[in-house]
Amino acid sequence: MDVDPPSSAATPSSPPQRQGTPPSAAASATAQQTRSETPPAANGSSSPKKDDAPAPPPHKTDPNSPPPTPADEAEVFKNLGNKFFKERNYRRAIEEYSKGGLVTYPVEMQPASATYLGNRAAAYMADGRYESALEDCKRAVDLDPNSPKILLRLARIYTNLGQPEEAMVTFQRIRPPPSIKDMTQAKEMLQYIKSAQQGLQEGKGPSMVLHALDMAERLLGPGARKPRKWQLMRGEAYLQMGGVNSLGEAQNVATNLLRNNSQDPEALVLRARGLYGQGENDKSIRVLQMAISCDPDFRDAIKWLKIVRNLNRMKEEGNAEYKARRWQAAIDKYAQALAVDPSNKATNSKILQNRALCYQQLKKFDEAIADCDKALSLDPSYTKARKTKANALGAADKWEDAVREWKALQEADPTDASIQKELRRAEIELKKSQRKDFYKILGVPKDADDNQIKKAYRRLAIQYHPDKNPGNMEAENKFKDISEAYETLSDSQKRARYDAGDDIDMSDMFSGGGGAGGMGIDPEILFSMMGQQGGFGGGPSFGGGGFPGGNFNFGGGGGGRQRGYPGGFNFS
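For the sequence shown, the tail end lands on 572 under the UniProt record's numbering, and the numbers increase by one without skipping.
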């Protein structure tokens, strides 16, 4: 940084005098001054008394030098300022440049005043006081619009302040054109800012936006404040990233801006959008209302207030339907809410989780699992959605996947007792699922009562009995499974053990011996079968054509009672 050199017409130690006073007038003035400084003698004598102190000598002045003009004094202060500037004592230089009314010269002194303003601008810039430097330099340009030196200084101040567009416009005014080196800093800064603006407009690559802003900020003057426009762009990039940490950074940007101006509507909207992204919709609405009170015509605030209110209303309507157990109506409301603002990850993840619960109530487990996956893609840390997914997987009998989800949850939070409990339950269900599913074989729910189980068994036993499906091994195996399922589920103790996941030894299921090829059939069911079918094989009785040998024995094998049950049941 350079300043205008000192003038040879004046020095700091000897202010210049006014020129053009006649010698006679100077002599007369000196004589008059001498006479006035000599006290009169007593009794009219012109000689002083012997005891009086001697008169002080007259002030030595050049009788030919006029008193200094304001311009002369200003030049002295400018030279002193230049001296301190070269010594890097910028604050003292500013003090000297500010003396003598440098910025209020009459019209005929305007060119010199531009020089003084330019010098003080240089000192301000060297001291890191860029706003003051800009003010002085712009006034200097107004006084001397074509000074290459002042214009170059103005362009550099613009660059240090983070205003590369204004800097490049100023460079274009300079004749002869400045060097490429002079313009490099401003050109690079402008390229970074345009790159950041383009990234935000296209809505992609917020991390690249942040990188471009970081590079532009490195080109600012030492100690310069980040431009408000750049801070807003940074906040917008954080909002586009949408993560928990990024939303917090957006809030920090808004807070810093509001410290400088609590009535800044753009900063208020940035803060409101950060709250909205974090799911704090009620707080967001209040801040947006503040922004509109600061600027009733601020369209961005009006737009976002409408969005937040609509999404909040739709979500609450869906929640009301859910609480009323109107599952499909809740699903419809949640679908409308999701269409309001697809970019809101925090709120939409909650809505998807709520809709998954509705699908689960309607036993649409695949849809529930899909909604949970969507919610987790928006917010991978959303534990509630992961729990809902694990429950839906279990309800869909996908126990292996359910166990995997519960284990992941347990690793994330080993202290949660409820997760440990659900994991144990899922592991039991997984073990049970790897055995024959007796409920599925009979086609009954797991909470079926004895009557439901008996009816299902009766229907299936008639359908798959080997005598009705001679030579059909698939039907025979099916009949065996049906009998095994009924044997377990019709016995309260065995059913309890089965439901608990215990292994059940089926080797004693048909301990009574050989009826129907070793397959036990409840005699009550048999009577029903006989009544409905008119007997098996040979007609109304079992003799001759029914079961092999004309005899069909249930229960006691070769010994035991021959009539009635449970010991045996013999037809001939």
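Each hint should be verified, as a subset may be incorrect.
What the hints assert, rightly or not - Cross-link-like lysine to aspartate or glutamate pairs, in silico, DMTMM-like; alpha carbons within 25 Å at most:
| # | residue 1 | residue 2 |
| --- | --- | --- |
| 1 | K454 | D437 |
| 2 | K229 | E217 |
| 3 | K468 | D449 |
| 4 | K363 | D341 |
| 5 | K99 | E135 |
| 6 | K99 | E87 |
| 7 | K432 | D467 |
| 8 | K468 | D447 |
| 9 | K303 | E317 |
| 10 | K194 | D144 |
| 11 | K229 | E166 |
| 12 | K204 | E249 |
| 13 | K436 | E411 |
| 14 | K407 | D467 |
| 15 | K181 | E202 |
| 16 | K407 | D397 |
Rather than coming from a laboratory, the hints here were simulated on the basis of the structure.
We went through each hint and held it up to the structure:
1. K454 <-> D437: Status holds; Cα separation ~17 Å.
2. K229 <-> E217: The hint holds at about 12 Å.
3. K468 <-> D449: violated (28 Å)
4. K363 <-> D341: violated (28 Å)
5. K99 <-> E135: holds (17 Å)
6. K99 <-> E87: holds (19 Å)
7. K432 <-> D467: violated (32 Å)
8. K468 <-> D447: violated (31 Å)
9. K303 <-> E317: holds (21 Å)
10. K194 <-> D144: It is violated: about 32 Å lies between the C-alpha atoms, which goes past 25 Å.
11. K229 <-> E166: holds (14 Å)
12. K204 <-> E249: Cα-Cα ~18 Å, so holds.
13. K436 <-> E411: Not satisfied, since the Cα-Cα distance of roughly 31 Å exceeds 25 Å.
14. K407 <-> D467: violated (49 Å)
15. K181 <-> E202: violated (32 Å)
16. K407 <-> D397: Roughly 17 Å separates the two Cα atoms, so the pair holds.
Going down the numbered hints, you'll see the structure goes against 3, 4, 7, 8, 10, 13, 14 and 15, while the others check out.
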